[in-house]
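Participant: Okay, here's what each chain looks like letter by letter:
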Amino acid sequence: MQPLPVKMPLPCDFSLVAYYPMLIFLVIVIGLATVIMILAHIFNPRRITPVKQMPYESGMDPIGDARGKFDVRFYLVAILFLVFDVELLFLYPWAVATQGENPVIVGALRTIIFWEMLVFVGTLLLAWAVAWRKGVFQWR
Amino acid sequence: MDSARILDSCYLALPELGMLAAGCLFFLLGTMIENRRFWAVATVIVLGLALVFQIAEANDPETSGNWLLHGAATFFRFLGPVLGLIGTALLAPTGSGQARRGPEDFACLLVACAGVGLTGMAPDLVVLFLGLELVSIPVYLLLFLGKHDRQGQEAAIKYFLLSVLSSALFLFGASYVYGMTGSTRLEGLGGIHENLRWSETAPGEIPAARTLALLFLLAGVGFKITAAPFHFYAPDVYQGTSPAVAGLISTLPKAAGLAALLRLIGAGESALAPFGGVEWSLLWILAVATMTLGNLLALWQNNLHRLLAYSGIAQGGYMLAAVSTGGQAGIGAMAFYLAAYSLMTLGVFAVLAYLNDPDCPVKRVDDLAGLFRTRPIAALCLGVCFVGLIGLPLTSGFYGKLLILKTSIASSSSQGNSLFLVLAFFIVFNAAISAWYYLGVLTRVFLRLPLGPQAKPISPLPLCAAVACSIATLAGGIVPGLIEPYLRPVEKATAQSVAVDATVVVTANGFAGAIEQAPE
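Line by line, the protein sequences are chains B and G.
According to this note's numbering, the residues represented by the first sequence are 1 to 140, in order.
According to this note's numbering, the residues represented by the second sequence are 1001 to 1520, in order.
For reference, chain B alone in the conformation it holds in the complex:
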């Protein structure tokens, strides 16, 4: 049998030398930040008032402790939301890559990838159905 004629992305010429400017940039950024913080620490006037000591909450007076308890049910909904959110994120590049003008994905491969994506979505739907049956969406 012959290997599948999948077209590979070409290996690019990679060289660490090309990244030296990045390193210099990194050193400057960290150095500048450190120097500014040290300067501010040395030269700042210290006039402490109770208002200045308050935690900053967008200009509002803070209500209660920041470390409040959250109901665990929020996390279940959040996780489910995340699953479908990420799925949607993948659907766009998938649609552009397979249905757009692409020299790699042509003909029958396009059909197969379409059905494969449907299987993927179907699997997620299954997970959603399980969550529904398990009563994740009921606010008990």
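Don't take every hint at face value.
Said to hold, decoys possible - Calculated cross-link-like contacts (lysine-lysine; reagent style DSS-like; alpha-carbon spacing at most 25 angstroms):
1. G:Lys1158 x B:Lys69
2. G:Lys1406 x G:Lys1147
3. G:Lys1363 x G:Lys1456
4. G:Lys1456 x G:Lys1147
5. G:Lys1158 x G:Lys1147
6. B:Lys134 x G:Lys1147
Just so you know, these hints were derived from the structure itself, not from any lab.
A quick note: this is a predicted structure, and the numbers were derived from the prediction, not measured.
With the hints as your guide, set chain G onto chain B.
Facilitator: Frame of chain B; chain G shown alone:
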């Protein structure tokens, strides 16, 4: 692109895909039917069908010579469902202390078995990662669903966090390979070294980035094998869960990790690719450290699960030693030893699952005292499995250790490297250490009197599994010739090019290609 060929490739991975689909279905329908016995029977049917299909496929002349489907891949694709069948017997008893109900356990088991097979046949780093995750994620669920006490929670969260970390390390290494070579294909990393352009190096020179990538890949895989610097989680996790789940964790992820390791070093190709000096010595160090540390720490253990965890770490070291000898014979020895180890360890855990009575739990080694007087069959099974783990004659453990020793001595003479003689010495030395704690358990089982009230088994199923494991252990030691012919294809596989891809790969490569070629 030939669409028929892609469908063919789906067909060739049918046992794994079937197990995955069945697992999904179990999750969904399990919300409606909660009868545990029904789902256990369904699991056995699915696993049996997968095995039958794989036997048919292994004998299919049309696919012979394809190293993706034959050689080491066949071995792991068989091993997954076989371990799954034994695992089903361990998981099946109801009302064993914790409120286990519904089919979630069995669904997890099916997915993990599919993961082992898929890892074994992965042609690509992406599929390899997918296979490893298919083993890891069900294990998170099994750990979480099992027990809700403090130790159980600790085990679940510890395994989850560390496993996620190891996956991240693996992915990081994989990203290096892709970044440096522009491909995720797995014609062995040695193959990657040979065939693909690692930029800015003279031919024959190994770039530092490749060593770094391998280091990360090995760290990710080492976690699954519980190799020495990545073993810390094992005792706590085993201790915090039920014997059935501990038995599965000590076998399935280890099999998947070793399968991934074989894929990474390019086993199954015509000749083992030159893996490069640094990496082989890395494997050597990993093997020696793993078995020595595991055995020495096991000497201090009083808790049975912790003892078995350290024993599992040490046994993983022997398998790594077999791989590190660097020949096809070493891989065959590893395969034999992995199968032997899995059956022996599952046998021990099956006995523990059989004795798993919430009223008088068997936790410490002393709790097994006098087992021979109260439950002779269970005690005999335990005896056979522990004797096998020591590596005494007439058990598969002995024959497996013999194979590993033979290969390491052979490669020391063929490669002229005395390090392999040192390796052989370490294996013998470690077997001697391990005899101490294994025999410690056996003296309590056979020579002591019962200390307190004895556990009342709920179901005879785990005992059946234990008997099956013991018989297999004895058979592998007395007539290894029965099994050895099946290891031949693991050792020698013909070098045909990869003809089959799972569709996943096609899509992944398609994506990569599409993104690569998208207009700026």
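Participant: Next step is simple, just say for each hint if it's right about the structure.
Facilitator: Consistency of the hints with the structure:
Between Lys1158 (chain G) and Lys69 (chain B) the CA atoms are separated by roughly 23 angstroms; this keeps the pair inside 25 angstroms, and the hint holds. Of the supplied pair hints, the one linking Lys1406 (chain G) and Lys1147 (chain G) is violated, its CA atoms being roughly 43 angstroms apart against a limit of 25 angstroms. About 15 angstroms separates the Cα atoms of Lys1363 (chain G) and Lys1456 (chain G), which keeps this hinted pair within 25 angstroms; it holds. For the hint linking Lys1456 (chain G) to Lys1147 (chain G), the alpha-carbon distance of about 20 angstroms falls within 25 angstroms, and the restraint holds.
For the hint linking Lys1158 (chain G) to Lys1147 (chain G), the alpha-carbon distance of about 14 angstroms falls within 25 angstroms, and the restraint holds. Between Lys134 (chain B) and Lys1147 (chain G) the CA atoms are separated by roughly 19 angstroms; this keeps the pair inside 25 angstroms, and the hint holds.
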